[in-house]
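Chemist: So the chains spell out like this:
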Amino acid sequence: MMPFLNKLSVLRRFVITMLVTLVAGCGQSLTLQVDSAVPAALMQTLPLTAAVYYEDSLRNHSYREDSEERKNWAINTGSSQIAMFDQVLASTFSTVVPLAQLPTADAPATADLIVVPKIMEMQFGTPQETYFDFYEAWIRYEIAMLAADGTPIDNWEIVTYGKANQKRFSGRTAGLNDAIELALRDAGAKLSTGMYKQPAVHRLLNKQK
Amino acid sequence: MNSLGWARLCCRSGRSAWSMIACAILLGGCRTTTMVDEYRVAATNIATQESIVVLGRRHDMDKDTEHDFIQCVGRSLGTSTSQLNVIPEADFVDALYPWFEVSTAPMDVANLGSLVQNPAVAAKFEELHIRYFVWIDGFTETTDSAGSVTCVVGPGGGGCLGFKTWDDEANYEASIWDLKDISVAGKINTETEGTSFVPAVIIPIPLLARVKATACNAMADQLLSFITGGS
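Protein sequences appear in the order of chains C and V.
Count along the first sequence from 1, then add 37; that gives the number in my numbering.
Count along the second sequence from 1, then add 7; that gives the number in my numbering.
Mixed in with the good hints there might be a few duds.
Quick list of simulated restraints, FRET-style, between CB atoms [stated by the list, open to error]:
no., chain 1, residue 1, chain 2, residue 2, range
1, C, Asp93, V, Val123, 42 to 48 Å
2, V, Ala117, C, Val134, 45 to 51 Å
3, C, Gln245, V, Thr41, 30 to 36 Å
4, C, Met157, V, Ile209, 55 to 61 Å
5, V, Thr150, C, Arg209, 21 to 27 Å
6, C, Thr141, V, Gln56, 55 to 61 Å
7, V, Val123, C, Thr132, 24 to 30 Å
8, V, Val43, C, Met157, 44 to 50 Å
9, V, Asp67, C, Glu158, 22 to 28 Å
10, C, Gln70, V, Ala130, 35 to 41 Å
11, C, Asp103, V, Ala49, 56 to 62 Å
12, C, Thr68, V, Thr41, 41 to 47 Å
13, C, Glu92, V, Ala127, 29 to 35 Å
Where chain C lies over chain V, by a calculated footprint (3+ residues, C-beta under 8 Å) [claimed, not checked]:
no., stretch
14, 100 to 107
15, 125 to 137
16, 192 to 199
These are calculated hints, taken from the structure and not from any lab test.
The C-beta atom is built at its ideal place from N, Cα and C for all residues, glycine as well.
Modelling step: build the complete structure from the supplied sequences, incorporating the hints.
Modeler: Structure follows, in structure tokens:
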């Protein structure tokens with residue numbers, strides 16, 4: 038009798054372990070580290086020296102949500118954001134210098150323009166929520182432009198979007214990762230093709246003529 | 008009525024899983040049908056050193072043209088007897104970044120004409136020897152499904168029982184742009200549909216209609232004939 042009871046106990050433990058694993062697997066918790074890169078932009082560089090300052094909030098950007106529908110979501114994009122801005126700004130301006138801190142009137146930067154990118158908002162859509170067959174990501178940026186002494190001269194808002202088809206045998210993490218990568222590519226495209234249209238940049242280019 | 012029609016009628020009129028399984032087996036599994044339309048505007052030809060690029064349209068608020076479909080068409084063209092130089096979509100889009108992204112890609116030939124005015128872009132086109140752009144718009148979707156397969160696992164073993172069927176439709180339109188003349192050379196449309204079955208008596212036996220693959224082959228064959236076919 039005892040061996041049978043032992044077997045039953047082992048079976049019960051096995052079933053409970055399987056159920057716990059299944060529930061955990063189907064849970065809504067999400068941790069995603071986005072590691073993407075955008076190619077160099079095929080542009081005629083603007084004959085300006087730009088200095089770029091990344092705030093810690095951008096360097097370590099992490100989207101966090103803990104709601105009923107999105108339990109413990111953590112989407113880290115900081116390193117990919119920096120890689121995208123570094124790559125695209127280097128293709129847009131003839132010279133780009135990184136800044137460790139914002140310049141002041143007493144300690145101005147040696148540059149024509151200071152660029153300070155910030156993420157204002159991030160939104161996501163999943164097929165489970167929208168009933169579409171794709172994952173979506175939106176990122177709203179504010180690109181602050183400052184004079185060499187740190188005086189604000191312009192603000193440029195960019196809204197970027199990425200959409201990735203839902204794939205068979207591929208989960209939510211991969212779908213969101215693809216959508217975010219496309220949103221980052223879109224950010225790079227809008228940044229590189231729109232920079233010369235910004236009034237502050239226009240003024241600097243006209244001053245050089 | 009063609010075999011697809013019989014398959015549908017048979018499967019939809021079946022009262023039990025067994026009658027549907029019998030139908031599927033009698034009909035010899037799945038079938039696909041394809042319709043191809045071609046509209047030519049101008050004569051075409053391609054020199055041995057010239058290249059083409061096959062690109063997917065992804066700007067609609069609908070399902071995107073699948074990357075694997077674009078890769079399949081490009082691969083089929085590249086490995087055909089004519090051995091066209093086909094630049095893979097991902098390589099081309101990266102090389103021309105940011106000009107062929109969803110938000111920046113030219114939507115018509117007039118926009119391509121404007122893009123060519125950019126010296127950096129024109130130099131890259133020259134370097135890659137681009138002659139034709141093939142823009143493909145469309146996707147494959149499941150339009151209908153019926154039946155179900157139930158699987159049970161017990162201490163003495165397991166097995167499945169049931170019958171599932173679904174219809175897939177693939178609609179794609181290719182627009183061929185000639186970079187030399189900055190003009191539309193023509194359009195090709197493919198419509199493919201097919202029905203897949205999974206009868207299950209202990210073991211499920213999938214009889215899948217390869218709708219997307221059939222659409223890819225049909226599109227690639229027609230494109231090859233269009234580009235190398237001349238007038």
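Chemist: Indicate, hint by hint, whether the structure satisfies it.
Modeler: Cross-check of the supplied hints:
Here the CB-CB span from C:Asp93 to V:Val123 is close to 43 Å, well matched to the stated 42 to 48 Å. Look at V:Ala117 against C:Val134: about 40 Å separates their beta carbons, and that is not inside 45 to 51 Å. Checking the proposed 30 to 36 Å range against C:Gln245 and V:Thr41 shows it is violated: the Cβ atoms sit about 59 Å from each other. A hinted range of 55 to 61 Å for the beta carbons of C:Met157 and V:Ile209 is consistent with their spacing of about 58 Å.
Judged by the Cβ atoms, the range 21 to 27 Å given for V:Thr150 and C:Arg209 holds: they are separated by roughly 25 Å. At about 58 Å, the beta-carbon gap between C:Thr141 and V:Gln56 stays in the expected band of 55 to 61 Å. The hinted range of 24 to 30 Å is satisfied by V:Val123 and C:Thr132, whose Cβ atoms lie roughly 29 Å apart. For V:Val43 and C:Met157, the hinted distance range of 44 to 50 Å is satisfied, since their beta carbons lie about 48 Å from each other.
A hinted range of 22 to 28 Å holds for the C-beta pair V:Asp67 and C:Glu158, which are about 24 Å apart. Distance hint check for C:Gln70 and V:Ala130: the Cβ-Cβ separation is about 37 Å, which falls inside the suggested range of 35 to 41 Å. Range check, C:Asp103 to V:Ala49: about 59 Å between beta-carbon atoms, so the 56 to 62 Å window is met. For the pair C:Thr68 and V:Thr41, the beta carbons lie near 44 Å from each other, so the given range of 41 to 47 Å is met.
At about 32 Å, the beta-carbon gap between C:Glu92 and V:Ala127 stays in the expected band of 29 to 35 Å. Only when three residues or more bring their CB closer than 8 Å to a CB of chain C does the claim for the stretch 100 to 107 of chain V stand; here the count is 6, and the claim holds. Note: the stretch 125 to 137 of chain V has 5 residues with beta-carbon separation from chain C under 8 Å; the three-residue rule is met and the coverage holds. Under the rule that three or more residues need a Cβ within less than 8 Å of chain C, the assignment of the stretch 192 to 199 of chain V is violated, with 0 such residues.
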